[in-house]
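Okay, so the sequence shown: first residue is 134 according to the numbering used here, each after it adds one.
Some hints here could point you the wrong way.
[Stated by the list, open to error] Simulated restraints, written as ranges between beta carbons of each label pair:
hint	residue 1	residue 2	range
1	His171	Leu237	27 to 35 Å
2	Lys266	Tyr177	32 to 40 Å
3	Asp211	Asp183	17 to 25 Å
4	Ile161	Gly189	17 to 25 Å
5	Asp183	His224	15 to 23 Å
6	Lys139	Thr212	28 to 36 Å
7	Lys231	Glu206	28 to 36 Å
8	Leu237	Thr212	30 to 38 Å
9	Asp209	Asp183	16 to 24 Å
10	Leu237	Ser175	33 to 41 Å
11	Lys267	Gly189	22 to 30 Å
12	Lys185	Leu263	26 to 34 Å
13	Asn180	Asp209	29 to 37 Å
Keep in mind that the hints were calculated from the coordinates and are not lab data. Ideal placement from N, C-alpha and C gives every residue a C-beta, glycine not left out.
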Amino acid sequence: MEHLNKSELQFYQKTGELFFAVAAADKIIRKSEYEALHTMVSKYWKNLDDFKDEYGVDASYQMEIVFDWLDYESIDADTCFESFKDFYKQHPTLFTSKRKELILKTAATIAEAFSGTNKSELILLGKIELLFKK
């Protein structure tokens, strides 16, 4: 069990912001989008590394916690994406190719969760891909 530093914890929180931005791109958060995130965290993210938060809980659950909080606070999708983008630019070494691949897969799964990917979600997915190519 490896306890994480502040940057690692922020990685999971900011990634949660990004996933919220994808779900909120069409201004409506649906139960199926929550469920898609939960499934991806349980199936892939929690097995990615051994980082635990200060309570000994897998750090990947921070993504779900932040997602839920942002929904409660009704934060704008664009604001969340910009926050993630700034963090990405400040901490590029945290974004390994494996993490980037899983971020893209999770974002696409969330976008697809309710009636397929709509135009606003597709645009945001494209922005994420472009960001990762820089």
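*Outcome of range test on Cβ distance (Asn180, Asp209; 29 to 37 Å)*: holds, 32 Å
*Kindly confirm whether 26 to 34 Å is satisfied by the beta carbon distance between Lys185 and Leu263.*
Given about 33 Å between the Cβ atoms, the range holds.
*Between Lys231 and Glu206, does the beta-carbon spacing fit 28 to 36 Å?*
holds, 31 Å
*Between Asp183 and His224, does the C-beta distance stay in 15 to 23 Å?*
holds, 19 Å
*Starting from the hint 22 to 30 Å, judge whether the C-beta atoms of Lys267 and Gly189 obey it.*
Check failed, 36 Å falls outside 22 to 30 Å.
*May I ask you to test the hint 17 to 25 Å on the CB atoms belonging to Ile161 and Gly189?*
Violated - the Cβ-Cβ distance for Ile161 and Gly189, about 35 Å, lies outside 17 to 25 Å.
*Using the beta carbons of Asp209 and Asp183, state whether their distance is inside 16 to 24 Å or not.*
Between Asp209 and Asp183, where Cβ atoms are some 34 Å apart, the hint is violated.
*asked:* Taking 32 to 40 Å as the stated bounds, is the beta-carbon spacing between Lys266 and Tyr177 within them?
replied: violated, 22 Å
*Do the beta carbons of Leu237 and Thr212 sit within 30 to 38 Å of each other?*
Violated: the Cβ-Cβ distance is about 21 Å, outside 30 to 38 Å.
_Hint check for Asp183 and Asp211 - Cβ pair distance inside 17 to 25 Å_ = For Asp183 against Asp211, whose Cβ atoms are near 34 Å apart, the range 17 to 25 Å is violated.
*Using the Cβ atoms, figure out if His171 sits within 27 to 35 Å of Leu237.*
With Cβ atoms ~18 Å apart, the hint is violated.
*asked:* Within 28 to 36 Å: is that where the Cβ-Cβ distance between Lys139 and Thr212 falls?
replied: 22 Å Cβ-Cβ, so the 28 to 36 Å window is violated.
Hints 1, 2, 3, 4, 6, 8, 9, 10, 11 from the list above are not met by this structure, while the remaining hints are.
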